[in-house]
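Assemble chain B onto chain A, guided by the hints.
Chain order of the listed sequences is A and B. At position 94 of the first sequence (counting the first as 1) the number is 647 in the numbering used here, and the numbers step up by one without a gap. At position 46 of the second sequence (counting the first as 1) the number is 82 in the numbering used here, and the numbers step up by one without a gap.
Don't read these hints as lab results, they were simulated from the structure. Note that the structure is a prediction, hence the values are computed from the model and not measured. Incorrect hints may have been included.
As the list claims (entries may be wrong) - So, partial list: chain A residues that the calculated Cβ filter (under 8 Å) puts toward chain B: (1) V742; (2) R743; (3) A746; (4) A749; (5) H751; (6) A756; (7) R760; (8) Q763; (9) A766.
Glycine is no exception: its CB is placed at the ideal position from the N, C-alpha and C atoms.
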Amino acid sequence: MSAVSVRALGVVVWLACTPELEPGLRAAWGPLVVADDVTPDVDVEPVPDGVPVRAALELMTQRVTVEAIGRRAGELLMLHACALADPVTGSAVVLVGPSGMGKTTIAATLGKHFGYVTDETAAVAADGTLVAYPKPLSILAADHDGKDQVSPAALGLQPAPEGLRVRAVLLLDRQPSAGGVTVEPVDTVRAVAALAEHTSYLARLERPLQRVADLLRSTGGLRRVTYAEAADLEPLLGKLLGGGSWS
Amino acid sequence: MVVTRVPVVDEVVEDGESVVLLPSGRVVVLSALATALLAELGAGPLPVEVLAERLVAAFGSPPDDHDGVRTTEAAVVALGEEGLVEVAVG
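Here chain A stands alone, though its shape is the one from the complex (with noise of 0.2 Å):
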């Protein structure tokens, strides 16, 4: 048996697998593996023998998020989202939506041009700085059916500085028959239900809702934004991270 330590959301987790998986988790985690005398902090079911070896990757690095995630319960604020980062001053967007809104998506185009923070959950410290989860991507295989784990610089993207702050929240709704890229206010009531919606843990959080209330508050409040294509997305988010406002 072989094993592999990743760093998740600041979590050391420990995936024990078989020899011929070993290669695909290091090559997938990239600068997440943290060396072999590193102590856990927990460590995951192994796959059972004779998954093969795609699917067990993709099955490792759920496993991964969710052991991360329940270690992190209590603390940080975990929304549903994907993150990109201005690649020097640490200014990162948010844009939060359930599986299908295109998160992994966004952040392959995108995080080439900003810094890649995570396609997955965006965790916000009490102090309002963002802990970069920069997982492998599950991207769709165009050579048999499933998805591959790869890692952000196999992909391209552009790592995320140190320092990340939250500088605007989306909430994402794509639209493929959306002409273009539109940005409406919500409400602080209903901006606050619909992310509470997609937080991970929410009520074992003090104050669940009153924190989700002051990130949006720092923030300039939710926007949801109607898009077709990832791509389009760029010029909003150039704007936002460049210290542009909203109109």
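Then chain B, alone, in the frame of chain A:
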């Protein structure tokens, strides 16, 4: 009918409306009327007639319900179904 507010995990009130997190984990958005009704119960249980009087003072009389009691009772029932208030008949 005496109405008592049931504690929630957390709430955010803004521009008269509110959003609350229930112990069940459910998040509910409340109208201005419901938000005001729950606020009136903050100091303790009240008879529905007193609640109605205070809500009419704040929002005016509903159409065809001069003293607001029927409308308030309906709001109390709806909030009861959400688990936000309890009602004691008497």
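Hints, verified against the model:
The beta carbon of V742(A) comes within 5 Å of a beta carbon in chain B, closer than 8 Å, and the hint placing it at the interface holds. Checking R743(A) against chain B by beta carbon gives a least distance of about 6 Å; that is within 8 Å, so the hint holds. The criterion of a C-beta within 8 Å of any C-beta in chain B is met by A746(A), whose closest approach is roughly 5 Å, and the hint holds. At about 4 Å, the closest approach between the beta carbon of A749(A) and any beta carbon in chain B falls short of 8 Å, and the interface hint on this residue holds.
Hint status for H751(A) relative to chain B: violated, with the closest Cβ pair at about 11 Å, above 8 Å. Against a cut-off of 8 Å between C-beta atoms, the interface hint on A756(A) holds, since the closest Cβ of chain B lies about 6 Å away. Taken as an interface hint, R760(A) checks out: its beta carbon lies about 5 Å from the nearest beta carbon of chain B, inside 8 Å. About 6 Å separates the beta-carbon of Q763(A) from the nearest beta-carbon of chain B, less than 8 Å, and the hint is met.
Taken as an interface hint, A766(A) checks out: its beta carbon lies about 5 Å from the nearest beta carbon of chain B, inside 8 Å.
The earlier numbered hint that this structure contradicts is number 5, and it is the only one.
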